[in-house]
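Peer 1: Sequence:
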Amino acid sequence: MENKFIIVVVVALFIVALMQLMKVYDIASMIKGNKFEERVTRGENAFNANMLIVFMIAYFGFIIWLILKFGMNGGLFDAASVHGEKIDSLLLFNWWVILPVFFLTNAILFIFSWKYSYKKERKHYTFLMTTD
Numbered sequence: 003m004e005n006k007f008i009i010v011v012v013v014a015l016f017i018v019a020l021m022q023l024m025k026v027y028d029i030a031s032m033i034k035g036n037k038f039e040e041r042v043t044r045g046e047n048a049f050n051a052n053m054l055i056v057f058m059i060a061y062f063g064f065i066i067w068l069i070l071k072f073g074m075n076g077g078l079f080d081a082a083s084v085h086g087e088k089i090d091s092l093l094l095f096n097w098w099v100i101l102p103v104f105f106l107t108n109a110i111l112f113i114f115s116w117k118y119s120y121k122k123e124r125k126h127y128t129f130l131m132t133t134d
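According to our numbering, the sequence shown is numbered sequentially starting from 3.
A portion of the hints provided could be inaccurate.
Pair by pair, the computed Cβ-Cβ distance ranges are [claimed, not checked]:
no.: 1; residue 1: K125; residue 2: V99; range: 36 to 42 Å
no.: 2; residue 1: D28; residue 2: T107; range: 30 to 36 Å
no.: 3; residue 1: M24; residue 2: E46; range: 18 to 24 Å
no.: 4; residue 1: D28; residue 2: F114; range: 49 to 55 Å
no.: 5; residue 1: S83; residue 2: L106; range: 31 to 37 Å
Worth flagging that the hints you see were computed from the coordinates, not collected in a lab. Glycine is no exception: its CB is placed at the ideal position from the N, C-alpha and C atoms.
Please take these sequences and the hints and turn them into a complete structure.
Peer 2: As structure tokens, then:
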């Protein structure tokens, strides 16, 4: 029990030290006048945006491969009871509901990240809300 506590404390202190190091890096870059946005070229940004689409296709392909290889029940064994069969059918129904939503939301996430990647010439609009 004591060893687990020490491990948790060490990991927490490592995370805090890492956060402090990042703050020092940010302050040093502000003093030097370096701005990260100015160092990224349009080509690098376009490459990263296109790689998001490649990653999305690979990610979806991997998920589909897993489903085809192990089945919709995730490779579980046959149920040992009647109640187990009902639970397995409920799990299968859940997969049929969850997977289309999963693919749709992740596709929207990746496509919008690609479509609205940073472009210097793009105009942004500010909507002012006035209270009467």
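Peer 1: Please go over all the hints and tell whether each is borne out by the structure.
Peer 2: How the hints compare with the structure:
no.: 1; hint: K125 to V99: 36 to 42 Å; result: holds (40 Å)
no.: 2; hint: D28 to T107: 30 to 36 Å; result: holds (32 Å)
no.: 3; hint: M24 to E46: 18 to 24 Å; result: holds (22 Å)
no.: 4; hint: D28 to F114: 49 to 55 Å; result: violated (28 Å)
no.: 5; hint: S83 to L106: 31 to 37 Å; result: holds (35 Å)
Violated hints amount to a single one, hint 4; each of the other numbered hints is respected by the structure.
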